[in-house]
Every structure is written in C-alpha cells, then in structure tokens.
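S.K.: Build the full structure now, drawing on both the sequences and the hints.
One line per chain: the protein sequences are A and B, in this order. To convert, note that position 134 of the first sequence is 134 in our numbering; the numbers rise steadily by one, no gaps. To convert, note that position 242 of the second sequence is 242 in our numbering; the numbers rise steadily by one, no gaps.
None of these hints come from the bench; they were simulated from the model. Among the hints, erroneous ones may be present.
[To be verified] In silico DSS-like cross-links for lysine-lysine, where the CA-CA straight-line distance does not exceed 30 Å:
| hint | chain 1 | residue 1 | chain 2 | residue 2 |
| --- | --- | --- | --- | --- |
| 1 | B | 224 | A | 5 |
| 2 | A | 224 | B | 148 |
| 3 | A | 25 | A | 77 |
| 4 | A | 404 | B | 404 |
| 5 | B | 224 | A | 12 |
Protein chains: 2
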Amino acid sequence: MTPVKELAERAKAASRSMSRLDRRKKDDALRAIAARLRSNTASIGDANRRDLERAKGAGLSGAMLDRLGMGPAAVEKTAAAVEHVALLPDPVGSRSGMQRLENGLLVGRQRLPLGVIAMVYEARPNVTIDAAVLCLKAGNAVLLRGGKEASETNAALGALVREALADSGLPADAVQIVPATDRDGIRELVQLTGLVDLVIPRGGEGLVRFVAEHARVPVLNHFKGVCHLFLDEGCDADMALALTVNGKVQRPGVCNALECLLVHEASAPSLLPRIGAELIRLGVEIRGCSRTVELVPGAKRATEDDFGREFLDLVLAVRIVQDLDAAIAHVDRYGSNHTEVICTDHHRNAERWLRDIDASCVLVNASTRFNDGGELGLGAEIGISTTKLHAYGPMGLEGLTAEKWVVLGDGQIRG
Amino acid sequence: MTPVKELAERAKAASRSMSRLDRRKKDDALRAIAARLRSNTASIGDANRRDLERAKGAGLSGAMLDRLGMGPAAVEKTAAAVEHVALLPDPVGSRSGMQRLENGLLVGRQRLPLGVIAMVYEARPNVTIDAAVLCLKAGNAVLLRGGKEASETNAALGALVREALADSGLPADAVQIVPATDRDGIRELVQLTGLVDLVIPRGGEGLVRFVAEHARVPVLNHFKGVCHLFLDEGCDADMALALTVNGKVQRPGVCNALECLLVHEASAPSLLPRIGAELIRLGVEIRGCSRTVELVPGAKRATEDDFGREFLDLVLAVRIVQDLDAAIAHVDRYGSNHTEVICTDHHRNAERWLRDIDASCVLVNASTRFNDGGELGLGAEIGISTTKLHAYGPMGLEGLTAEKWVVLGDGQIRG
Numbered sequence: 001m002t003p004v005k006e007l008a009e010r011a012k013a014a015s016r017s018m019s020r021l022d023r024r025k026k027d028d029a030l031r032a033i034a035a036r037l038r039s040n041t042a043s044i045g046d047a048n049r050r051d052l053e054r055a056k057g058a059g060l061s062g063a064m065l066d067r068l069g070m071g072p073a074a075v076e077k078t079a080a081a082v083e084h085v086a087l088l089p090d091p092v093g094s095r096s097g098m099q100r101l102e103n104g105l106l107v108g109r110q111r112l113p114l115g116v117i118a119m120v121y122e123a124r125p126n127v128t129i130d131a132a133v134l135c136l137k138a139g140n141a142v143l144l145r146g147g148k149e150a151s152e153t154n155a156a157l158g159a160l161v162r163e164a165l166a167d168s169g170l171p172a173d174a175v176q177i178v179p180a181t182d183r184d185g186i187r188e189l190v191q192l193t194g195l196v197d198l199v200i201p202r203g204g205e206g207l208v209r210f211v212a213e214h215a216r217v218p219v220l221n222h223f224k225g226v227c228h229l230f231l232d233e234g235c236d237a238d239m240a241l242a243l244t245v246n247g248k249v250q251r252p253g254v255c256n257a258l259e260c261l262l263v264h265e266a267s268a269p270s271l272l273p274r275i276g277a278e279l280i281r282l283g284v285e286i287r288g289c290s291r292t293v294e295l296v297p298g299a300k301r302a303t304e305d306d307f308g309r310e311f312l313d314l315v316l317a318v319r320i321v322q323d324l325d326a327a328i329a330h331v332d333r334y335g336s337n338h339t340e341v342i343c344t345d346h347h348r349n350a351e352r353w354l355r356d357i358d359a360s361c362v363l364v365n366a367s368t369r370f371n372d373g374g375e376l377g378l379g380a381e382i383g384i385s386t387t388k389l390h391a392y393g394p395m396g397l398e399g400l401t402a403e404k405w406v407v408l409g410d411g412q413i414r415g
Numbered sequence: 001m002t003p004v005k006e007l008a009e010r011a012k013a014a015s016r017s018m019s020r021l022d023r024r025k026k027d028d029a030l031r032a033i034a035a036r037l038r039s040n041t042a043s044i045g046d047a048n049r050r051d052l053e054r055a056k057g058a059g060l061s062g063a064m065l066d067r068l069g070m071g072p073a074a075v076e077k078t079a080a081a082v083e084h085v086a087l088l089p090d091p092v093g094s095r096s097g098m099q100r101l102e103n104g105l106l107v108g109r110q111r112l113p114l115g116v117i118a119m120v121y122e123a124r125p126n127v128t129i130d131a132a133v134l135c136l137k138a139g140n141a142v143l144l145r146g147g148k149e150a151s152e153t154n155a156a157l158g159a160l161v162r163e164a165l166a167d168s169g170l171p172a173d174a175v176q177i178v179p180a181t182d183r184d185g186i187r188e189l190v191q192l193t194g195l196v197d198l199v200i201p202r203g204g205e206g207l208v209r210f211v212a213e214h215a216r217v218p219v220l221n222h223f224k225g226v227c228h229l230f231l232d233e234g235c236d237a238d239m240a241l242a243l244t245v246n247g248k249v250q251r252p253g254v255c256n257a258l259e260c261l262l263v264h265e266a267s268a269p270s271l272l273p274r275i276g277a278e279l280i281r282l283g284v285e286i287r288g289c290s291r292t293v294e295l296v297p298g299a300k301r302a303t304e305d306d307f308g309r310e311f312l313d314l315v316l317a318v319r320i321v322q323d324l325d326a327a328i329a330h331v332d333r334y335g336s337n338h339t340e341v342i343c344t345d346h347h348r349n350a351e352r353w354l355r356d357i358d359a360s361c362v363l364v365n366a367s368t369r370f371n372d373g374g375e376l377g378l379g380a381e382i383g384i385s386t387t388k389l390h391a392y393g394p395m396g397l398e399g400l401t402a403e404k405w406v407v408l409g410d411g412q413i414r415g
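M.R.: Shown next, in the form of structure tokens:
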C-alpha cells in the first residue's frame, strides 16, 4: 500500500467513530487544540522559521512570504478562531422538514458527516488548523495536503492537533497530514474512490484545475473570482461610488474583490467621471472601453484580455453597456460564477439580475466583498465553492455535512 | 467537433434560456408533450416493435423484453405522469432562509437550475420521457443517452418532445437524444467539462461503475440496493413479520426490496420460525446463518457471498446477530448506502440506528419499500442517489436544482 493510501485508510477507519460523537466531545477536543496551539507557539514559530528560510532561499516573493508566516500573533488568532468554531452549533444530527404523511409516516431529513474530506491547498499554514477544526466539528476525518513551502509548519500543526485529539479521547487518525511531495501525490489522493468522500482544492487556478481534471472523487472547486458590478440607469450616484470603491480598494487581493465595472450608457456620463477620478486618486489603474477612456481622464484603453481577468490588484476593467441585457450577457461570457452585483433602483431589474445571473452569490445594492462565510452568517468558512452542486458559495459547517432521509413509522407497509 | 460534443453545445446554449422561463411556459410545454405522446401512440408503437424484434433476435430475456415494451397502455401511463409533473410546484426561483443581518442586508438562498444534465440509462424507454420532463420542469437542458436496445423508441420519443418544445416556443435543443453507440460514446459524454453540469447514471451496476470511473463532471450515482431489516430484541412480532414479507415479496425486483434480514439473538427463537415458514410459503428461498438453519426448516445455508448481495429475486439472506452493535457493524460492512430499517420498540436503539447508519434512507418500523420519491412526498423522482453529496436518496425536482446566495442591500459596504 502506498503511503498516501495508508493515511487515507486510517482516516476512513477514524471517520466512522467521528461521525457518531456527541457535540460536547468534539467541542472539548477543539478547545484542547486551541490550548495546544498556544502552548506550542514557540515550536510552531521554529518550524515556521525553517520554512521561511527555505522559501527565501528559493526566492519566493514578499507577498508569498507574508502568507507563509505563522508567528505568535498568527498563532493566537488561529487559536481564537478554533475556540469560535467550538461555539458554533453542531450540524450533525439536526433534522429538518419532518412531515407527517397520510399513512402516518413521519418523514424528513437528518444531517450526517460526509466521511473523509481531502483538503488540497497552498501556502497559508493557518488553513491547516482552520480546515481541520471545521471538518472535525462536522464529524469528518480530514486529509490535509498543504503546500511544500509550509511543510515544516504544517507538520508541527498536524502533530499537535493529533495529540489534542488523542488527549480528548478522539481518534488521532481523524487528522492526517499528507506529505507535500509532487503533483503525482495529489493525483493519487484525489483518485482514492471509496476512501475519500470529497476533495476541496484551494489555491491558485493551476492547482484547482489540476485537481478538477484528475479527481475521481467528488470535488468542490474554488475557482477564481472575476466579480462584476453593474451600475444601472438611474442608480444612486453616491451608492454607485461607494460600492465601486469598496469592491475594488478595500482588499484588492482577494477573490471577492471587484474586477470589472459595467455602466449603463445612460448613466455613464454622469457617474463615470466622478468614480474614475476617485479610483485614480486611490491608486487604481483603470482599463476601459473606448467610451470610458473618453469620460475618464487618465484611464487606459482595455484590451479584450482585460475582461474576464482576475487582477487581484489595484486594476479595474470598465465597460459601458447598452442596457441590462448587455450587462447580463457580459457576465454570462466573462463571469466566473463567483460574485455579481447590480446597483439599481428598478425593482424589475433587480429581480432579473437575481434570476438570470448564475453565480454563487448575486447581490443587489451591496458590495462584492460580502460574499464571505463570516459576512453571510455562517460563522466560519472553509472556502467559497464555485461548483453548483452540494454547496455553491461560502461553505461552512453545514456544507461539510450531507442529509439522509429518515422515516419514523409504526409498522407501515406498502400496498 | 464530435457529434456528441455538438449535441452538448446545443444543449448548453438552450439551457440559458431554459433557466429563465416562467413556470407557466414550462408547464404548457409539458402538457404539449403529453398531448403529442397520446397522438403518436401508433408511431411510438411501431418504433418500439422494431426494437422488440431486434431484441428478440438478439436473444434478450423475457424480463428485459418486458422492460423494453412501450405499447398504448405504457404510452398513456407515461403521458399521465407528464401531466402530473406539470402540476408540481416549480422549484426554480424559490427563496429560503432569508434573514436580516445586523447591517441591514437581507441574505438567503434562491434556487436555480443546474444547467445541462446528462442521463445515462438502460432499457425502459419511458425513462426518456420521465427524465426529460423532470429536467425541463426544473429549467435544465438534458442529454438522454438510453440503451441500444431501445434506440428506435427513444429516437421517436425524443423527436416528439422536441416538436412539442418548438410548438410551445421553447428551444427544441433543450432535449437531445444521444445516439447509443458504444461505451466510448458514454465516456466522451461524461467527460464534457464545461458543457455537462451533472451526469446521472441509472441501470446495471456495470454501467453505473463505468460512468463513475470515467466521469470528469459531477456524478450522482444510483448504485444497487442491498437493503437490510434488523429485528431488535423485544420488537412486535406481527410488525416484524409484516415488514419482512412486504420488503421481500411485494416487488422483489427493485432496488428498495429487502435483501437481508438481521435478527437479534434473543428474539430469533420466537420470531424466526414463524417468519421463515411464511416466507417459504410465499416462495422465498432463505439463505441463513447456521443458527437460522436450525430455527427454520427448509432454509439453506448461506455462503459468505450471500451477504452484501442484491438478489432482486425471491431470495433472502438471514443472519442472527448478538445485538444492535453487531447489526450496525453488519450494515457498515455489507450495506450499499441505500435503505436500512430497524424494527424496534426501544427509543434509544431507534435513535442510534438513525444516527449511526450511513444510508440514503434510514427507517424505523417501516418497510424498505418506502424509499421512493413518490412515497416520500417528492411527487416524482428521477432516481435514488447513493452519492452523499447534493442529493442522497430519492431525487425529485429539487434535486435537479441548486441554490445560490442572494443578498438584498441598500448600499452596504464592508468596513
């Protein structure tokens, strides 16, 4: 048996008892993980320093090094996040939609864990803890395959989680750190039918595509976010400005940042000069269609390539469109099923946007930045799925469970 | 472009307008399909006769020929089923869980169609209509890849559905009959990433496994049903008999028929002789463990192979187990995540069964035969999924849709 398969077999065996745990036992284990994180701050820092030195030697960019860091502040923040998850309701065992049928059967659904979840991700070692505790709280076992850059940090974090589980009387095997070798290792992991119930890839587009192309087990993709904001005819000018600036500037490097502004041609002359000037003042590079360039001094001419692009930077594509239909057609063509906003005061247009746009989160008069598990009330998120099935949008604890049918009878048979 | 890919491209293009239709337009189209079924009864019968003659020539079994038949009675039954689907609520556009957050955002989920669904199935030509109308009602386009045996019947049915769509102002391309060539054609179909949103295989285990192994797009498997009934200590003797007989005898050839009876050792001496005698009287062959054979005159000795087996016939495996834990362990090992029943009067045991059994439908004191979309109140079903994600158990219209997040704001931005 290969090493990866052996880890998966162990996780599978542990998943059965994980699925049958009381909430209290799981929450106690989570608190034990938080405590161990704090008491191991120094040794986590040591492992992380070795990763950082290796990364510097390999010439990683400053932004990448920043993501890789796991100093005392990051450890404390992670521990606090674990304690927060312990406070969230346990989705497992909850029943919904229980209805009494004519024959007396009481029928509905009951949540159960998925089983074994494989996380495949890059950089950020805090994901190791965040993903582990969300999977555990939802009664799953988890295989954690992080990036090579963070391998020492991830190994240290994985070891302490396993110790905390064992101390709490839970199976340590419910959490497995899969060594970050090469992509063959990922390929093997995502083809373990019967052992892995779901794989969640998080990271660059290359990694997500690799997983999607090679997986034999169900995948919830977390693809890029090419998020649009459409400023409708007659929309509120101040709101249009605020939503544009917030979407683009507040945190440009994340997947729910605004990447493309669409403006109704009737509103463009009044809205765009002011919005454009403010964006440029804030350091945003504007790449606009020909009419945008006429209205916004300092705007550059966009190439076809700039539409449908995830800049993750202070760059915004801008296009003036004829009407709502043209805006929807643009999103159909260039969107990434992530986050799409309309700014409008027309009820019908708002409803058409909500119906016609196929994206994990569709918003009316609110910033793209709200497509986030915390902001939408999930308490915590393991990522934002752009796969339509099972979970579309932010995935929290509920997204890490499934529902079975339950039927309570009194001897009913079929006639 | 290959022929299969071209059909999928056309379905994809049609799916966009399908997703934006009012319920009334879809229901009118469904009624037009029912009308055309009735007015084409003769020509459907002609096509079906050609399929049946070819099948007889190829030496298909009587049961297979029976499944293949599409005479006037089957056409009328199918047309009536289509009209029934027209009466069901449309899941598309319904909103749920709308909550007002502290910042004033109104947040919840709205149902949307999946897009393009590929059905891969065998024999029974009525599936062509049943699957098409369920997919259409849920706003999807559908690729129908039926069995080679039914190819003339399926072509005739597909043509009339497309005519009915065109007559109703809907895109005929929303329904595509994929020619039944060889398994390479299926392989190509289930690897059309970006064109096919979901594949649903229905048929023999070989077909379902082939699809599961080769798919690159999400699959909802419909694997076999190895359904168990556990008779707990102290359960009602009459109920135990009724549930056993109904599960095994009422319709032995279907996936929710009972295949294995587990009996608590304390109850076996009082229950098994009577149940065994009744089953044998009804023509059931009993394959039991050594103790079963002692208690039931006429029972045969089971081999290891008889446990975990889907007989689809008047054959029942029987095992006496030590207690509830042993029964659960047996189901863990031999079950197929389909349908599992406990007959008990102990509250705790009932709750443990509901929690611990991982199956699409878990029942207390009711026949296995109730795991069915119609019986559980779905109105109609496209199959019973044994895949845990997205839909576990009977899949109706709701299972053919997904949910996106919707956010209604008044200019909210993130701080």
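S.K.: Each of the hints needs a verdict: does it hold here or not?
M.R.: Cross-check of the supplied hints:
no.	hint	result
1	224/B - 5/A	holds (26 Å)
2	224/A - 148/B	violated (41 Å)
3	25/A - 77/A	holds (23 Å)
4	404/A - 404/B	holds (22 Å)
5	224/B - 12/A	holds (22 Å)
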